[in-house]
Amino acid sequence: MSEKVLIIEDEENITKLLKVYLIHAGFTVDNAFDGEKGLEKIDSFKPNIVISDIRMPKVDGWKICEKLKTEEKYKNIFVIILTAYDQENTREKAKAIGVNAYFSKTVEIKVLIEKIREIIQQ
Amino acid sequence: MSFKVKLVLVILLINIFVVSLTLYFRSKQIEISIKERMIFRTQIIADIIVYSIDDETKLDRLIIGEYTEFIIKEPEIQYIAFFNKKNQLIEVAGEYNKKEFIFQTDNIFRITDNVYDVYKEIKGKDNKKIGSIIIGFPMQSLKDIIRKNLIIGIFLWAGATVLIIILNYFSLSYFLKPIKYLYESTKQIAKKNFSNKVPILSKDELGIISKQFNIMSEELATFYNKLKNKVKEATSGLEKANKKLREMDKKKSEFVAIVAHDLRTPITSIMGFADTLTDKEFKLTIQEKEEYLNIIRYESHRLSRLIADFLDISKIEDNRMGLDIKKKNVSELIRKALNSINTKAKGVTLSLESEENFREVYLDADRITQVIQNLIGNALKYSPQNSVIKVLLKQNPSEIRINVIDHGPGIPDEYKEKIFEKFYRGDDDISKKERGSGLGLAIAKSIIEMHGGRIWVEDATPSGSCFIITLPVKD
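The listed protein sequences derive, respectively, from chains A and B.
Take the first sequence: its letters are residues 98 to 219, numbered as in the working numbering.
Take the second sequence: its letters are residues -14 to 460, numbered as in the working numbering.
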């Protein structure tokens, strides 16, 4: 069974881009265009890995990450942030929450995929 | 050494000098009086001798011998010596121990042999010198007189000096009091205590100085306080300016952060899809390639629009946006602007209604077109499928009005002003795909205001928004 990745991202083209790469890399992929839908899909799709944006309509990425990192039933889910923000304070906040990886946009998607593989192997 | 002490010392020195001088003249006087007395006695003796002899040649030992015995009995005479007209000794009587005589009267204060010699010439009836005498008076008797006089003098001198010192001290203490107060006051002023007033004790020069000093210190206080306030004002002004600069700096940094943030998303898409096209591993179909190229094109246009907006807003903020004002037909201009917009995707119809003979207005055609396109673009995003966006042109003698009316959800009152602020985006209702830079309305507002017009939004009836632009009409 392949690893399942959930993309929570309101930017259509970015979602599309991630999907192209992830599917090519052999992952099973689903997505949500806002935080609220994202939370629903975490429970229904039951992903191993969640890639989330921070600024999104309805429920923002911080809330999703906090939920995933505090509730017992989600403890096996790897959480990756992919955002256009690239400031020290957001990186620190992500670290404090316990996010597994933080990528700022303009990252090469290949690099992101490599990191996901690395995380899974651990 | 204080001024008072110096003054006392100077006066004391002057007094000592004056008293000493007096004492010196007093001693001179004593000498003169003694000398005169002794010379007088000697003169009497000389006169008696002349009177007694009829022939001046007869001044010899015999005659002198008679007188000598008589004279030597006189008190206070120690010896007497007679000389002829050639100053040769004829006879000497009494106690003497001189080897030679000096033919002059001694200075009473410079006597070495304890005898006061008085020299006197003996002159005949025809006033010719017939000889001379020297009478030695023992100093012992004279000294008593001198000592008595000197002691009195010294006591007077000492008494006068002490009295002068005491009087000086007290009078100076009294007269120098204003100076003391002035001194104390200057010390206070040095400590920036200006409230201390110098008491005015007299109407003399010191009184005037004290009065002037008080005026001066008052003025100094006023001046100092004014200066202090000015410094305070300047400092607070500087602080304010500094704060403003810091705020501006912060705003600039925030602007840069927002720009960087907004540019990242399209760039990520462009880079990512470009990589899939060049990477042979992906083995894309023709349809996929076409789709990804369209995404790249779309994101490139979006990037270009974002950059154009960022440049515009930065020009506006730095007052670098110039307008190319020309007389234009507004109706024609708007028609062209509407034609350039692709509304097919949503099936929205654009309509333009204008009063007849619509006036020509001075404006920057490109910038006004930009504003219209922005308003129509916004209206399109929020318009339902197959609805109408209407542009209505009205005019009155002083201005023209451009109304852009849509049938979208409308804008809640609390956002009607906020939407014209920089980076304000009504994010939540539309997807990011259609989201702009958040600068369009801020730029539109600046452009309209640069033309001397206004822009605002009202509710349209029965629903939707009505953006209204006014532009002044100038001949």
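Certain hints may be false.
[As the list claims (entries may be wrong)] Below, simulated SDA-like cross-link-like pairs (lysine to any residue); rule was C-alpha separation at most 25 angstroms, straight line:
(1) K155(A) / P369(B)
(2) K155(A) / E402(B)
(3) K113(A) / I280(B)
(4) K172(B) / E190(B)
(5) K176(B) / A206(B)
(6) K274(B) / D140(A)
(7) K116(A) / T354(B)
(8) K366(B) / E109(A)
(9) K170(A) / D140(A)
(10) K83(B) / I149(B)
(11) K177(B) / G192(B)
(12) K113(A) / K177(B)
(13) K190(A) / A206(B)
(14) K236(B) / I151(A)
(15) K128(B) / L148(B)
(16) K311(B) / T354(B)
(17) K155(A) / K268(B)
(18) K268(B) / E109(A)
Derived by calculation from the structure, the hints in this document are not laboratory data.
Just so we're clear, the structure is a prediction, and the values are computed from it rather than from any experiment.
Against the structure, the hints:
1. K155(A) / P369(B): holds (22 angstroms)
2. K155(A) / E402(B): holds (23 angstroms)
3. K113(A) / I280(B): holds (10 angstroms)
4. K172(B) / E190(B): holds (21 angstroms)
5. K176(B) / A206(B): holds (12 angstroms)
6. K274(B) / D140(A): violated (34 angstroms)
7. K116(A) / T354(B): violated (39 angstroms)
8. K366(B) / E109(A): holds (16 angstroms)
9. K170(A) / D140(A): holds (10 angstroms)
10. K83(B) / I149(B): Violated, at roughly 48 angstroms.
11. K177(B) / G192(B): holds (23 angstroms)
12. K113(A) / K177(B): violated (77 angstroms)
13. K190(A) / A206(B): Status violated; Cα separation ~58 angstroms.
14. K236(B) / I151(A): With Cα atoms ~22 angstroms apart, K236(B) and I151(A) stay inside 25 angstroms; holds.
15. K128(B) / L148(B): Violated - the C-alpha atoms of L148(B) and K128(B) are around 29 angstroms apart, more than 25 angstroms.
16. K311(B) / T354(B): holds (13 angstroms)
17. K155(A) / K268(B): violated (37 angstroms)
18. K268(B) / E109(A): At roughly 22 angstroms apart (the allowed maximum being 25 angstroms), E109(A) and K268(B) satisfy the hint.
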